[in-house]
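Chains as they are written, first to last, in this note's numbering: chain A, 1 to 81; chain B, 1001 to 1196.
Keep in mind that the hints are not guaranteed to be accurate.
The calculated DSS-like cross-link candidates involving lysine-lysine, where the alpha carbons are at most 27 Å apart (straight line), are [what the hints assert, rightly or not]:
id	chain 1	residue 1	chain 2	residue 2
1	A	Lys56	B	Lys1095
2	B	Lys1161	B	Lys1054
3	B	Lys1119	B	Lys1054
4	B	Lys1093	B	Lys1161
5	B	Lys1095	B	Lys1119
6	B	Lys1161	B	Lys1095
7	B	Lys1093	A	Lys55
8	A	Lys55	B	Lys1112
9	B	Lys1054	B	Lys1112
10	B	Lys1095	A	Lys55
11	B	Lys1087	A	Lys56
12	B	Lys1093	B	Lys1162
13	A	Lys56	B	Lys1112
14	B	Lys1095	B	Lys1162
15	A	Lys80	B	Lys1161
16	B	Lys1161	B	Lys1087
17	B	Lys1054	A	Lys80
Derived by calculation from the structure, the hints in this document are not laboratory data.
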Amino acid sequence: MFIRGLNSILVFLVLLTLTSVFLYLSNVITHSEGLIMFISFIKIMMVAMYFMELKKAHLFWRLSLLFLIGIIIVSAFVLKS
Amino acid sequence: MTKENINTTNEINHIYYPPGGILIWIIIFLELITFGMAIVAFTLSSNLETEVFKQSSNQLNLFIGTTNTVLLLLSGYFMAKAIQDVKREDLVKFKFSIVITMVLGLLFIVFKCVEYFQKIQQGIFIDTNTFYSYYWFLTLFHLVHVLVGLVILLLTYYSVKKSNQIILDNIEASGAFWHMCDLIWLLIFPILYLMN
């Protein structure tokens, strides 16, 4: 149980770090859209897998979410560039 | 709190039983599709009016946007903790975690209202330009979801407090709805605040 609690804190810290990274990237790199969208994708999947406990769900749900978020992020990136 | 007081289907790895139940996940997918389509439309429009989108995006308050991201991530952490507390049959910690989640949700709303107030003071409304039409639509629609999420969490809190009985599926469904607000915000924040 302690390890579980520790996992949630770790996930939260990684999410905070990723938020800082993409804020930094958006200020430093001119064409950072791809990186920003990729980091957003990782953040969304982390929230879904760890906070929503989707990692314990059937493979169908994991793949469906991966596919849906992937489609949205890739479409936004491709259309933007 | 005894084991008998916790009702759950306990078939989490079955295709019909994702965490929180199949219905909440159908809602989550439909919401993500709706916001996803709006984001794709936003991106298409930004290609047609590049300068307007760039200037308008730069006018947004990045500090408030980032603070709101951190608040939602932190509330997501406490919601996940609340569900772990329930599974551990620790009602006191569960109530504490869910109250913190709601307080962070309320803070999100306060910051959002401050941002809206600033925009209204600057004379920026839904019809100012195409960017702001999307901005108001996406963020207000998301704010409505946060409000609904808060009401659901409040009802969950009071039902546990009143009956002293935990229905794990209901609590997981409430948590899944709250995390959905996280997911949507994580999608719209970079698109509105950073991509232009």
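Item to complete: Kindly indicate which numbered hints from before are broken by the structure, ordering the numbers from low to high.
Response: 2, 5, 8, 13, 15
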